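> Given chain A, put chain B in place with the hints provided.
Each protein sequence line maps, in turn, to chains A and B. If you want this note's numbering, it's the 1-based position in the first sequence plus 375. If you want this note's numbering, it's the 1-based position in the second sequence plus 375.
Keep in mind the hints are simulated off the structure, nothing from the lab. The reader is advised that the hints may include incorrect statements.
The list cannot tell twin chains apart, which means a pair is met if one copy fits it or any two copies do.
Unchecked claim - Okay, derived cross-link-like pairs now, DSSO-like style, lysine-lysine, Cα gap no bigger than 27 Å in a straight line: (1) 411 with 464; (2) 388 with 411; (3) 411 with 469; (4) 474 with 388.
What you are looking at is a predicted structure, and each value in this text was computed from that prediction instead of being measured.
Number of protein chains: 2
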Amino acid sequence: MSSFDVFQIGEVKIDQDSYYIEIYESHILGLRHIEKFGHIIVLWWISMRNTPKDRATLLVTPPRLTNPVETGVFSSRSPSRPNPIGLTKVKLLKVENNKLFVDRIDALDGTPVLDIKPYLPGDSVSLIDIRLPEWFESLKD
Amino acid sequence: MSSFDVFQIGEVKIDQDSYYIEIYESHILGLRHIEKFGHIIVLWWISMRNTPKDRATLLVTPPRLTNPVETGVFSSRSPSRPNPIGLTKVKLLKVENNKLFVDRIDALDGTPVLDIKPYLPGDSVSLIDIRLPEWFESLKD
Numbered sequence: 376m377s378s379f380d381v382f383q384i385g386e387v388k389i390d391q392d393s394y395y396i397e398i399y400e401s402h403i404l405g406l407r408h409i410e411k412f413g414h415i416i417v418l419w420w421i422s423m424r425n426t427p428k429d430r431a432t433l434l435v436t437p438p439r440l441t442n443p444v445e446t447g448v449f450s451s452r453s454p455s456r457p458n459p460i461g462l463t464k465v466k467l468l469k470v471e472n473n474k475l476f477v478d479r480i481d482a483l484d485g486t487p488v489l490d491i492k493p494y495l496p497g498d499s500v501s502l503i504d505i506r507l508p509e510w511f512e513s514l515k516d
Numbered sequence: 376m377s378s379f380d381v382f383q384i385g386e387v388k389i390d391q392d393s394y395y396i397e398i399y400e401s402h403i404l405g406l407r408h409i410e411k412f413g414h415i416i417v418l419w420w421i422s423m424r425n426t427p428k429d430r431a432t433l434l435v436t437p438p439r440l441t442n443p444v445e446t447g448v449f450s451s452r453s454p455s456r457p458n459p460i461g462l463t464k465v466k467l468l469k470v471e472n473n474k475l476f477v478d479r480i481d482a483l484d485g486t487p488v489l490d491i492k493p494y495l496p497g498d499s500v501s502l503i504d505i506r507l508p509e510w511f512e513s514l515k516d
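Just chain A, with the same shape it has in the complex:
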């Protein structure tokens, strides 16, 4: 199995009530026109789960379920997974130089950011077309 190297281009910042992504000065040019997008996809490195144990995890029990079920990591968004890459779609509220202010992010302050991608129409699935296992159906509401 081949392995590859990724590196940090910025980090998540949580400052009182605001959430932003700070891109390093070395990569600021890559942000040109980002303010023209309404939503972005953030890929980050889930540092806290970068352990041999977490990366060997293949079965997980998603939290907050009425009837807990043990399911595959690839069928869940568990942070414990072979490659601990987090993915969140966020709303882009404003851009100030190398800071992207967003509506929320399910990552901790200081989390390394790996990539930012603009959210395009092809990323969208209408809510009525999303098919989920019965234990996730409640998330649709």
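Frame of chain A, contents of chain B only:
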């Protein structure tokens, strides 16, 4: 800037008219219940752009535009980017053991796969709420 290690858990296969993702036997347990999802998000490694030049690219000109514009890599889905991680949402057509048959995938045969995530309602943005730069507006049709 910290760097991190990711590894291949499977690969993209393009076989005549069918597209599928083959997950290695070592990771097949992680697929439990995946067939209950209608769509998945595939993260893969864009091997052909894993070069120092491509990874230093910060400005790109998206293809197929009526009026070409030079924009930031983080404002585009260009395969040349600091961390060449490809992301596509695909429809899951059927699952046969370690093979996930999908409707399409914009990756080449043999492309290393890094992660599979289920598509959840939180990944969706309704088409009318997606905001794009003027040069991408035609993609909305």
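> Against each hint, give a clear statement of whether it holds in the structure.
Structure-based check of each hint:
no. : hint         : result
1   : 411 with 464 : both (16 Å within a copy, 22 Å between copies)
2   : 388 with 411 : within (22 Å within a copy, 35 Å between copies)
3   : 411 with 469 : within (10 Å within a copy, 37 Å between copies)
4   : 474 with 388 : within (9 Å within a copy, 39 Å between copies)
In the structure shown, no violation is registered for any of the earlier numbered hints.
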